[in-house]
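Engineer: So you can see what is in the structure, the chains are spelled out below.
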Amino acid sequence: MPLSTQSQAGDEQYVLVASLDNVRNLSNILKAITFREHAIFNATKNGLKVTVEDSKCLQANAFIQADIFQEFTIKEDSVGFQVNLTVLLDCLTIFGGSTVPGVSTALKMCYNGYGYPLTLFLEEGGVVTVCKINTQEPEEPLDFDFCSTNVTNKVILQSDSLKEAFSELDMTSEILQITMSPSQPYFRLSTFGNSGNAHYDYPKDSDMMELFQCTKTQTNRYKMSLLKPSTKALALSCKVSVRTDSRGFLSLQYLVRNDEGQICFVEYYCCPDEEVEEE
Amino acid sequence: MRCIIEGNGVKVFGKALHALSRIGEDIWLDPMKRGFAVRSVNTAHSAYACFLFSPLFFQHYSLELQTDCGAVKCRLALKSVLPLFRCLATIERSVDRCEISFNVSENRVMFQFYCRHGITKTHNLGYQECEALQAVFPTHLCPNVLKAQAKLLGGIVMHFPVSQQEITLSISPQRANFKNYCDEECDHVNSVHTEISLHPNEFDYYQVGVDSDITFCLKELRGLLSFADSHALPVSVHFGASGKPVSFSVEDMLLEASVVLATLVDPDLTEPCQADPTARHCTMRSGGEGHLAAPSQNEGRLEANVANAAPQQSGVSTHERVPSSQSSPVFSPAFHMRRLMELREAGRPRDEPRVTQDLGQALPTPITPATYKIRSLLFGAVSCEQRGDCDVELPSLVCGSDTEDDGGEGEGVKMQH
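Protein chains in written order, with full-length UniProt numbering: chain A, 1 to 279; chain B, 1 to 417.
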């Protein structure tokens, strides 16, 4: 394999080496969280977690498990760095990100430890590109303290039913209101825009609803501008889990199937906007 | 007021809205006893369209007017309605039922879509209360009537580039010609001239009362043609001399739709007729006699007539083109128009003068002020280009529209020159 000959320096010096036969399995999922330049990477022996945050109110995490990679070697318990995500994506798709079957770009991603650049070896059709991206001081990701024991309401929907709703959402509305309730309207998305309001209601017995566990009626508002980036993840996903906790924090978990049929997750956390006054 | 559309009807309704979106920025929803009318007019008021869905179109149709509120007077921005009917290709499969209901006291109209998988989408849109929009254009008085399959007209229009603003339809008992219109500024060297000539046999119905050349905007027509084409409906065209409106309409058991467009006044033909109003009337009468299409021996004369169409030719054959356009309605003497009212929205955008001028010729029948209800409006038929020697007050194509910002509400305002 050409990639291995490129790194004659020996893999021993690297604290992290991850190889993929098809770089799209990484680039696609990173695109689903690209709404800010900077991404915090955290690798453990379980895999790679990439975090992007906005305004201290929104956090997106992409999880790529170790077994998605053909090789995943890590010498420390945890390796963290921060890179410019746009630059990284440009590099990963440097061969054009072809979707032609049978043509794929192979990747070997190496990191030498604190202070070193992230090195990418990309190969397609015998052509190898080496990219070095300077790493930045990793910031501490926000802890949304969203734990499953505090979850009041949870639904799992097939993504197709939400894709339509999100593509039609009235973007003149500043907020998206999510109502989850054990009684009607069960699961409702509402917008309040210039020309009026709109409600999308999903009954709990809809065949799009895979799971419905609502214990208490909750109505929370989230900034549309914050939720908008999550539609990228929605578009890739086949299922989505929508959860709210007792504080009204929102967790959206997207199950994404890659080209090989393997499963990855993308997760969005979002703070509620403000208390709904009329209730 | 409440109505329910099921199945394929949702797509038809959506298609109608898309056709209306070619016309104007707002739509008027007008539920009436004889059906649900959806109308639109462009900002220059040179194009108007109306879709009337009969009560049979709906699964359920009830007016239930609140006693205190009277009729629904609803104007909505198309940009807020159109997104609800965006994916027409899939709407048939995804939406089982659409319910439209009005809340008159809150000025809200509710569109409720019952979709597959039990999903319900409810859109509450606030509307602007305003008088119904209504066009007055008695098509049965038009001397020229064509009827053709939408495919035929669509096929003709297809040959004109999307950028083509206006096309000219020239009609005689022998031929119907469609060609692209070029005004004086138009670069004759670099533009493509397209002309399509059709034999009367191509049409389902072909009646020529007056030979005429009418020039109208293509953009506003395309919506109706594609609507008619998708439902394989024949399109009727009613018109008279140039400068008077042309109406394109389709109808079937469940709906009627029409687009009324202003036509251009040919400046070459305008001047002589203004110089001599008496002669003009003679010519008009001769032209207005009307005849059905028939094989004619006079085919060769056609071209010559264009150039020398002078008002004094009162003895011309019925094949003669009517030279007049400016203020020469076939049926109505000019003085009837003089007293027509006009209520114009303050600050309404004016189109180019020549188009608004055409609108002045919109009414082919004598209409006195009494014909109009006070609330009616006439479209802006004022032209800065209007010549001083023409003292005819121009009536307009369409009446109706909102009056809330108009100081002249309740009384007719004379048109200015």
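Source of the hints: derived by calculation from the structure; they are not laboratory data.
It is possible that some hints are incorrect.
[Claimed, not checked] Output of the computed footprint for chain B on chain A, the stretches with three or more beta carbons under 8 angstroms from beta carbons of chain B:
#, region
1, 161–169
2, 194–204
[Said to hold, decoys possible] Each pair of labels, with its calculated beta carbon distance range:
#, chain 1, residue 1, chain 2, residue 2, range
3, B, S94, A, T217, 26 to 32 angstroms
4, A, G113, B, T90, 36 to 42 angstroms
5, B, G7, A, S167, 51 to 57 angstroms
6, B, G7, A, Q262, 38 to 44 angstroms
Just so it is clear, CB atoms sit at the ideal spot from N, CA and C, and this is done for glycine as well.
Engineer: Take the hints in turn and mark each one as holding or not.
Structural biologist: We went through each hint and held it up to the structure:
1. 161–169: holds (count 4)
2. 194–204: Holds, because 10 residues of the region 194–204 of chain A bring their Cβ atoms closer than 8 angstroms to Cβ atoms of chain B.
3. B:S94 x A:T217: 26 to 32 angstroms: The hint (26 to 32 angstroms, Cβ to Cβ) holds, given that S94 (chain B) and T217 (chain A) are roughly 28 angstroms apart.
4. A:G113 x B:T90: 36 to 42 angstroms: Given range 36 to 42 angstroms: violated, Cβ gap about 52 angstroms.
5. B:G7 x A:S167: 51 to 57 angstroms: violated, 23 angstroms
6. B:G7 x A:Q262: 38 to 44 angstroms: The hint (38 to 44 angstroms, Cβ to Cβ) holds, given that G7 (chain B) and Q262 (chain A) are roughly 41 angstroms apart.
Hint check: violations occur at hints 4 and 5; the rest are consistent with the structure.
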